[in-house]
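Participant: The residues making up each chain are set out below.
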Amino acid sequence: MKKLNPKLLFLFSSLFLLDLIRPLGYSLAVEFVFLGVIFLSLNEDLLSALIVSALFGLLCDSFNPGIKPMYLIEFPLICLLNNYLFSHFRFVSRQTRILIVKNSLILLALIIHLIVNSIHNGLILPLFWIKFVMQSFLIYFLINYSLDKDKGTHSFKKSSIIQ
Amino acid sequence: MQIKIKEFQDLKKENQYLRKALNFKKSNKIDLVGVGILSFSPSSWQRYLLLNGGEDINLKKGLLAVNEKGKLIGKITEVKKTFSHLLLINDPNFKLSVFVGKFSSGLLKGTLTGAKILYIEKKEAIKKGDKVWVKTDSLSFPIEVGKVKSIKKGTYQLFCDIAVELTSESIFFNKIFILR
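In order, the protein sequences belong to chains A and B. Per my numbering, the first sequence starts with residue 23, numbered consecutively. Per my numbering, the second sequence starts with residue 814, numbered consecutively.
Extracted from the complex, chain A is given alone in its bound form (with noise of 0.2 Å):
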């Protein structure tokens, strides 16, 4: 049976406190949550991904005052979706799967979520779009950046999983 790295806890943890917190309140249109749900998508194996993404979907709907089971429901589809086109790609040459691949997929999410937000509040806002697509992009590569995982020196890989 497959075990849960809790490297991967930890930062998703660390994720969703800096959700809740906020530290620059509502200027920051970025949920680091769903970016570490992106992250999972295109770095780990499916089913870790698709288990935390579940668990901490039913943390983030447990924060909200309504019982709609939203993210629980979004955030493991988004990683099936990546997981599926990601591997699509297999043949691709490395440096084109990084560049091309992986920005394409992490766009296609974050419009998804949009989209799905969008209809759910009912509301069309373009500029606070362009916001949340940039700034999430931003933040997503320095998470990225910060875990080193694209150079092949990050850890997760090697012991995400123990058999």
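Treat each hint with caution, since some may be false.
Stated by the list, open to error - Derived pair list, reagent style DSSO-like, types lysine-lysine, alpha-carbon separation capped at 27 Å:
#1 Lys929(B) / Lys153(A)
#2 Lys893(B) / Lys153(A)
#3 Lys90(A) / Lys908(B)
#4 Lys873(B) / Lys90(A)
#5 Lys960(B) / Lys153(A)
#6 Lys965(B) / Lys833(B)
#7 Lys944(B) / Lys833(B)
#8 Lys908(B) / Lys153(A)
#9 Lys922(B) / Lys153(A)
#10 Lys988(B) / Lys894(B)
#11 Lys915(B) / Lys90(A)
#12 Lys153(A) / Lys965(B)
#13 Lys941(B) / Lys929(B)
#14 Lys90(A) / Lys893(B)
#15 Lys948(B) / Lys929(B)
Think of the hints as simulated: they come from the structure by calculation, not from any bench.
Based on the hints, put chain B in the right spot on chain A.
Facilitator: Positioned in the frame of chain A, the structure of chain B alone reads:
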């Protein structure tokens, strides 16, 4: 030594903050209770706070919350034993009946980046800069919400679109006061 100085600076700031709230309370003779913030909403598409106080300090659903200057920032939507949910004015689910100018009234609705007023007829005399305020039965004075930012009157529309500039539009909150 530096830690001490920082501590004194923080105390001074808190003192000024509470003094402002006390002035507001004294001048209006109201039952005001201060609550701390436990957390923000994890979603960027919602604007609500989790407050450190619930039934234990007699908070009830529908009570209005103000900042230290007495400007409206939201209303309580859910109360538990030790915590409660506060919906901020700019949340898309926020709805409150408000007055515009002297006599006009409409429904204030949050738009995430601000707020707008619905159901104000085109013929009503509202101009840019008019005050938006709220008054309830339990309060003897009006609470300021904001000012009219822009008015759009469509040719085939029965009501006009009014954007509101919120007076409490702040990205940081230290302490919140509930009007009981």
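Participant: Each hint: holds or not?
Facilitator: Status of each hint after checking the structure:
no., hint, verdict
1, Lys929(B) / Lys153(A), "21 Å, holds"
2, Lys893(B) / Lys153(A), "35 Å, violated"
3, Lys90(A) / Lys908(B), "20 Å, holds"
4, Lys873(B) / Lys90(A), "23 Å, holds"
5, Lys960(B) / Lys153(A), "25 Å, holds"
6, Lys965(B) / Lys833(B), "36 Å, violated"
7, Lys944(B) / Lys833(B), "22 Å, holds"
8, Lys908(B) / Lys153(A), "25 Å, holds"
9, Lys922(B) / Lys153(A), "22 Å, holds"
10, Lys988(B) / Lys894(B), "20 Å, holds"
11, Lys915(B) / Lys90(A), "40 Å, violated"
12, Lys153(A) / Lys965(B), "25 Å, holds"
13, Lys941(B) / Lys929(B), "13 Å, holds"
14, Lys90(A) / Lys893(B), "18 Å, holds"
15, Lys948(B) / Lys929(B), "18 Å, holds"
Hints 2, 6 and 11 from the earlier list are contradicted by this structure; the remaining hints agree with it.
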